[in-house]
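Protein chains: 2
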Amino acid sequence: MIFHNLKNLEKKELLPGIVGNLIHTDTMTIGYFNISKGAVLPAHSHIHEQVTSLLEGEFEMTVAGETQLLLAGSVATIPANAEHSGKALTDCKVIDVFNPVREDYK
Amino acid sequence: MIFHNLKNLEKKELLPGIVGNLIHTDTMTIGYFNISKGAVLPAHSHIHEQVTSLLEGEFEMTVAGETQLLLAGSVATIPANAEHSGKALTDCKVIDVFNPVREDYK
Chain A
1 MIFHNLKNLE KKELLPGIVG NLIHTDTMTI GYFNISKGAV LPAHSHIHEQ
51 VTSLLEGEFE MTVAGETQLL LAGSVATIPA NAEHSGKALT DCKVIDVFNP
101 VREDYK
Chain B
107 MIFHNLKNLE KKELLPGIVG NLIHTDTMTI GYFNISKGAV LPAHSHIHEQ
157 VTSLLEGEFE MTVAGETQLL LAGSVATIPA NAEHSGKALT DCKVIDVFNP
207 VREDYK
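Protein sequence lines, in the order shown, are assigned to chains A and B.
If you read the first sequence in the numbering used here, its first letter stands for residue 1, the second for the next number, and so on.
If you read the second sequence in the numbering used here, its first letter stands for residue 107, the second for the next number, and so on.
Treat the hints with caution; some may be incorrect.
What the hints assert, rightly or not - Examples of chain A residues toward chain B, derived with CB under 8 Å:
| # | residue |
| --- | --- |
| 1 | N5 |
| 2 | V19 |
| 3 | G20 |
| 4 | L22 |
| 5 | T25 |
| 6 | I30 |
| 7 | S53 |
| 8 | G57 |
| 9 | I95 |
Source of the hints: derived by calculation from the structure; they are not laboratory data.
All values reported here derive from a predicted model rather than from experimental measurement.
Cβ coordinates follow ideal geometry from the N, Cα and C atoms, glycine included.
Construct the entire structure; sequences and hints are all you get.
Written as structure tokens, this is what we have:
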């Protein structure tokens with residue numbers, strides 16, 4: 001299927017307070033997430049390269065030991081296997097892109 | 107560099123009325139585009155898989171002969187080498203993700 005509408009897709013709660021839609025293509029996974037204020041992304045890493053784009057809100061993120069406050073227009077490019085963690089200081093809207101596909105999210 | 111802010115990046119006009127920021131990672135290119143009403147994306151194809159996410163506006167897109175009106179929350183997953191084209195019916199905000207990297211956009 002080529003065309004999708006996020007409102008027609010099943011919502012998944014990946015972690016407490018981190019809820020959204022996932023689309024998997026041949027080579028990528030795209031996640032469209034609403035993150036509730038206070039939600040925590042525990043430190044972890046994966047083989048997938050990841051790009052996190054903040055659309056709304058304030059999200060404090062640490063990648064490979066470097067911490068930054070992400071606001072609307074902020075983008076974090078997370079190399080493969082880099083440890084990363086975060087915390088939502090407000091409600092947030094985020095798009096995460098992964099390569100290769102997150103088979104563990106299917 | 108891990109952390110980026112779109113307002114600090116150079117804006118590129120890829121086609122008339124299609125202006126935005128590009129971030130290249132090891133395996134992906136992410137484009138954050140503002141598209142002016144009436145701007146046209148001529149039919150083309152490329153080896154890169156592409157995911158187009160509409161954040162705002164109305165964009166009529168044709169992929170592999172199938173046409174759909176994209177609205178906020180619409181997503182088009184464009185397979186490698188699939189012909190695609192489009193036209194902005196209103197001003198639009200779009201995020202495009204490509205794998206592999208768009209070397210031609212560097």
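Requested in this report: Output the numbers, in ascending order, of every earlier hint that fails for this structure.
Outcome: Going through the list in order, the structure violates hints 2, 3, 4, 8 and respects the others.
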